[in-house]
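*Asks:* One-letter residues, chain by chain:
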Amino acid sequence: MHIPDGLMDPAVWITGWLIALVLVGIALYRIGGKLDERTIPLMAVLAAGIFVAQMLNFPIGGGTTGHLIGAALATILLGPWAAMLIVTVILVIQAMVFGDGGLTALGLNILNMAIIAPMVTWGALKLIGERNRSVGVPVAAWASVFIAATACAAELALSYSLSGGLYGITAALAFPSMMGFHLLIGIGEAIITSGVVLFLVKVSPEMLEIHKSIGQKTTEA
Amino acid sequence: MIMEKKYIFATAGILVAFAVGLVGFFLVSNGVPDGLDKAMEDNGIAESEPVYTAPLTYGEDYASSLVMGVVGFFATLVLMLGILKLRRSVRSSR
Chain A
0 MHIPDGLMDP
10 AVWITGWLIA
20 LVLVGIALYR
30 IGGKLDERTI
40 PLMAVLAAGI
50 FVAQMLNFPI
60 GGGTTGHLIG
70 AALATILLGP
80 WAAMLIVTVI
90 LVIQAMVFGD
100 GGLTALGLNI
110 LNMAIIAPMV
120 TWGALKLIGE
130 RNRSVGVPVA
140 AWASVFIAAT
150 ACAAELALSY
160 SLSGGLYGIT
170 AALAFPSMMG
180 FHLLIGIGEA
190 IITSGVVLFL
200 VKVSPEMLEI
210 HKSIGQKTTE
220 A
Chain B
0 MIMEKKYIFA
10 TAGILVAFAV
20 GLVGFFLVSN
30 GVPDGLDKAM
40 EDNGIAESEP
50 VYTAPLTYGE
60 DYASSLVMGV
70 VGFFATLVLM
80 LGILKLRRSV
90 RSSR
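Going down the list, the sequences are from chains A and B.
0 is the number of the first residue of the first sequence in numbering that gives the first Met the number 0; add one for each residue after it.
0 is the number of the first residue of the second sequence in numbering that gives the first Met the number 0; add one for each residue after it.
Please note that the accuracy of each hint is not assured.
In silico contact screen, one side only, chain B against chain A (beta carbon under 7 Å); selected entries [to be verified]:
| no. | residue |
| --- | --- |
| 1 | Phe25 |
| 2 | Val27 |
| 3 | Gly34 |
| 4 | Glu46 |
None of these hints come from the bench; they were simulated from the model.
Being a predicted model, the structure only gives us computed values, none of them experimental.
Positions of the beta carbon are idealized from the N, C-alpha and C atoms, including for glycine.
Based on the provided sequences and hints, a complete structural model is requested.
*Replies:* And the structure:
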């Protein structure tokens, strides 16, 4: 779901950049007070692991594939603010080093995958209840992909509308396409995220408690 | 920062899993569009020239993709460590 250059109207991608910069700045501020020798390497290894996982597309049928976003897993382990930074760093490396996703569209890619996806995960977990992990984890992971894709469809439709058809895709086509494909891709995200969480419950259950100590309000400012 | 042993084991485990997963990728998914690419394709939209040309690609075959995955893994690791250590040093200097 990496938006390339030239697909979105400039007003849409510039707005995406502005929103992304503000929210990533807030995330950087919010995690600052709780960074320590335990959380820094964990965040770095998790980010690197999600990077390689994103390279492994899986088939969903109909000549289409999907890949893990990883925002749900990062949010479950480290909380939404840390997840925003982790996925942002991955997207920056993908765009700047490997040309995956456009530079102009990087703000929108950050908005969809590094901001909306973690916020949806966090919201879904809060709604379902963190104790009900067996339902909360897969539902939150699925919703993170589906809502991020719906946001992408809205950006495509807005681009089409603002540019008079020069950019984007008409709403009547963008929403069913993006939501249909990502309804299935989200199931892959849910299966992979649940698998990793189940594995961690067995081998390192304390890792599922770290998020409680990251991103809490600090008095440093 | 010297990483604890458990993170070195985790790194090794992730890279081994990636090397195995990459076999499956090349068997069933290589060259098949993802959700957004397919939506663009179905609506007759071709990808335009990028405004910036990245120095690397994900690779065309198993060996080059494996190398690029390892390069990307460590690039992400180093950038993340750098940002977090910088953020912590800003906090400490206050």
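*Asks:* Of the hints stated earlier, which fail here?
*Replies:* When the structure is compared with the hints, only number 1 turns out to be violated.
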